[in-house]
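Colleague: Start from chain L and add chain P according to the hints.
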Amino acid sequence: MSEIDLAPVWLTLKLASVSTLLLLLVGTPIAWWLARTRSWLKAPVGAMVALPLVLPPTVIGFYLLVVMGPQGAIGQFTQALGLGVLPFTFWGLVVGSVVYSMPFVVQPLQNAFDAIGERPLEVAATLRAGPWDTFFSIVLPLARPGFITASVLGFAHTVGEFGVVLMIGGNIPDKTRVVSVQIYDHVEALEYAQAHWLAAGMLAFSFVVLLLLYVFNPNGRRR
Amino acid sequence: MKNISILRVLSALALLMCVLARSAFADEVHVAVASNFTAPMQKIASDFEKDTGHKVILSFGATGKFYAQIKNGAPFDVLLAADDETPARLEKEGMGVPGSRYTYAIGTLVLWSPQRGYVDGSGEVLKKGDFRHLSIANPKLAPYGAAAVETLKQLGLLDAVQAKLVQGENITQTYQFIASGNAELGFVALSQVKRESGAIEGSYWLVPKNLYAPIRQDAVLLVKGRSSAAAQQFLKYLRGGQAAAIISGYGYNQGN
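Going down the list, the protein sequences come from chains L and P. Heads up: the first sequence runs through residues 1294 to 1516, numbered per our numbering. Heads up: the second sequence runs through residues 8 to 263, numbered per our numbering.
Careful, some of the hints might be misleading.
Only pairs whose alpha carbons sit at most 27 Å apart, straight line, appear in this in silico DSSO-like list of lysine-lysine [said to hold, decoys possible]: (1) P:K243 <-> L:K1468; (2) P:K72 <-> P:K243; (3) P:K134 <-> L:K1468.
Just so you know, the hints here were simulated from the structure itself, not pulled from any lab data.
Okay, chain L solo, but in the shape it has when bound (with noise of 0.2 Å):
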């Protein structure tokens, strides 16, 4: 392998490490919100969250560069900001990313809070447990599977991202040509065997991360 193929590698963690992050610092309230709030907008709320789900990616990649773009809502507010427009960067790509896999991070998670139920909590309440007392003393311990699958999923998701980085990337070496991009410009150059080793990597990866995520979180997965 040359060392050209490397720099997306690197590149591809770093987007879904990063996003990952970003994805449990967003999508934890969110889920809590969602499993124990019983206002009206929970179906709202909940269907924006999985709208990625059933959205193809050119879609949400289309309006992104839109509204990211300087004439859009999000474009103008970060140049207010004068943080310049996000398409055709990495945190442009990080931002595209934590739409996109938000829903595969927010629903294990609101499984995982749903199962904990009233009870913990009360009990937690009568020995006079604050609510952030509660939730890092009795929450995140009991949905500690939960937050494995979602990370999981998050990351995996954001690793095998396509459709997005296509349509907001650009395409650019070390700032948003990540390894999904890579295979496919491989491919279309004909150039099949660096296309394979890519895509053989990335299969053996996704299969490893699932298959650890079988073998040692089976109960969060059959909640």
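Modeller: Just chain P now, kept in the frame of chain L:
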């Protein structure tokens, strides 16, 4: 009672067979078309359908992708490529019918921006360089991308703009990056920005032909379409005067 329902089922089946048989024998041409030729092709195909009664099924995409698909049994009768190498390669590898290749269009590269007055008539805007992104098609995959890189090299500007280049995977996506304003300007095919009326929105620079090698776009009859009268008729039609008028109307030069 039972017999009647069996009879019904049988007649329904017979009807279905007729429909299936009809579509199997109807004259259809599957044509794989390079993305940059989308607009003229749609016009030519609908004229062809009107004139001959044959049905044209069009697939648009990147030439390299079509190559891989054709090698793996894609149901295309004709390929209209964005280059001249892919058809030659297909012919050499036994997937194209020998002697059927010809240049149906020669592409014109244009530096374009949707903003009025942004691109001047001599490409000086490239030298000034006060833009965030310059969009080109992937030079490894798309002939228009390769021509754009060649032009920048000829102008001695490639190193200067390298950090500002963004690549579309094909010329359509390149156009999209510019049209959405994410890149202020970029190199696209003249056919993409030229409306049927001949007008071009925004501002542009027709890149002088001495700055890049001609973008020869070749057509080839594929082995799968060898025995199809409709496919051969289609290729003949593409060489005819009516098609030629449409092709040059979109800013292409004509091959020989």
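Colleague: Hint by hint, say whether it matches the structure.
Modeller: A quick look at each hint next to the structure:
1. P:K243 <-> L:K1468: 47 Å, violated
2. P:K72 <-> P:K243: 25 Å, holds
3. P:K134 <-> L:K1468: Holds, at about 25 Å.
Hint 1 from the earlier list is the only one contradicted by this structure; the remaining hints agree with it.
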